[in-house]
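Each chain is listed here by its residues.
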Amino acid sequence: GESVGLHLPTLSVQEGDNSIINCAYSNSASDYFIWYKQESGKGPQFIIDIRSNMDKRQGQRVTVLLNKTVKHLSLQIAATQPGDSAVYFCAENGNAGNMLTFGGGTRLMVKP
Amino acid sequence: GAGVSQTPSNKVTEKGKYVELRCDPISGHTALYWYRQSLGQGPEFLIYFQGTGAADDSGLPNDRFFAVRPEGSVSTLKIQRTERGDSAVYLCASSKQGGTEQFFGPGTRLTVL
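Going down the list, the protein sequences come from chains A and B. For the first sequence, my numbering gives the first residue as 1, with consecutive numbering after it. For the second sequence, my numbering gives the first residue as 1, with consecutive numbering after it.
Hints listed in this document are in silico derivations from the structure and should not be mistaken for laboratory results. One or more of the hints may lead you astray.
Heads up, simulated DSSO-like pairs for lysine-lysine below, C-alpha to C-alpha not over 27 Å straight-line [stated by the list, open to error]:
1. B:Lys-96 x A:Lys-111
2. B:Lys-11 x B:Lys-78
3. B:Lys-96 x B:Lys-17
4. B:Lys-15 x B:Lys-78
5. A:Lys-56 x B:Lys-78
6. A:Lys-56 x A:Lys-71
7. B:Lys-78 x B:Lys-96
8. A:Lys-42 x A:Lys-111
9. A:Lys-42 x B:Lys-15
10. A:Lys-56 x A:Lys-68
11. A:Lys-42 x B:Lys-78
12. A:Lys-68 x B:Lys-11
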């Protein structure tokens, strides 16, 4: 399939370590943020979301942090596994149910 | 259950030709979105349908691009007089009415020679 993210920033981590992927967003009016994972040849897959009235949300092995003051979003993955290797995108939605604006993406490579 | 499906998975065409890309959303999802993803970049919004009507087509790059959803389910993205710069992966997503999570299909990789 198509290889996504040939020219993206890359984060390389050792299996079992924690990963932190960062994203800066531009629209201060956005009220909903999502992290997507995209494997080569596939469409983006939802990981976790957060609304602007929260600053932290936890899922299974993942945590999203939102800092509205500096318009910064981060995704933390605990105990990173080889299956986590993919390109990760943050996206913002200023009007729930409508278009998403995606960030530039980060490639995560997990070394066994 | 079945996710969003897109056909064809790959399409190679020549400059100047017309192409149609099809999206089958998740059954019952009223909202449907088209995005375009160039190599090394995030998806970019093209058009959004709520039911049969295009609620927001502000992302369509020019009048060579058109999309329809005549029965509020399957959608077709149509590109006339294709150009090499149209080469990209075209992604479709759908969501429930009032829902925020968009479910993406695998995309159609369009190559214009």
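A quick look at each hint next to the structure:
Straight-line distance between C-alpha atoms of Lys-96 (chain B) and Lys-111 (chain A) comes to about 38 Å, which puts the hinted pair past the 27 Å bound. Of the pairs offered as hints, the one joining Lys-11 (chain B) and Lys-78 (chain B) holds, with about 13 Å between alpha carbons and a cut-off of 27 Å not exceeded. Our distance criterion of 27 Å between C-alpha atoms is broken by Lys-96 (chain B) and Lys-17 (chain B), whose separation comes to about 34 Å. Restraint check for Lys-15 (chain B) and Lys-78 (chain B): the C-alpha separation of about 14 Å stays at or below 27 Å, so the hint holds.
Between Lys-56 (chain A) and Lys-78 (chain B), the direct Cα distance comes to roughly 41 Å. Violation of the 27 Å bound is thereby established for this hinted pair. For the given pair, Lys-56 (chain A) sits about 14 Å from Lys-71 (chain A) by alpha-carbon distance, which is consistent with the 27 Å threshold. In summary, the hint linking Lys-78 (chain B) to Lys-96 (chain B) is supported, as the alpha carbons are separated by about 24 Å, within the 27 Å threshold. Restraint check: the Cα-Cα separation between Lys-42 (chain A) and Lys-111 (chain A) comes to about 22 Å, which is no more than 27 Å; the hinted pair holds.
Between Lys-42 (chain A) and Lys-15 (chain B), the direct Cα distance comes to roughly 26 Å. Compliance with the 27 Å bound is thereby established for this hinted pair. Of the pairs offered as hints, the one joining Lys-56 (chain A) and Lys-68 (chain A) holds, with about 11 Å between alpha carbons and a cut-off of 27 Å not exceeded. Between Lys-42 (chain A) and Lys-78 (chain B), the direct Cα distance comes to roughly 22 Å. Compliance with the 27 Å bound is thereby established for this hinted pair. For the hint pairing Lys-68 (chain A) with Lys-11 (chain B), the CA-to-CA distance comes to about 41 Å; that exceeds 27 Å, so the pair is violated.
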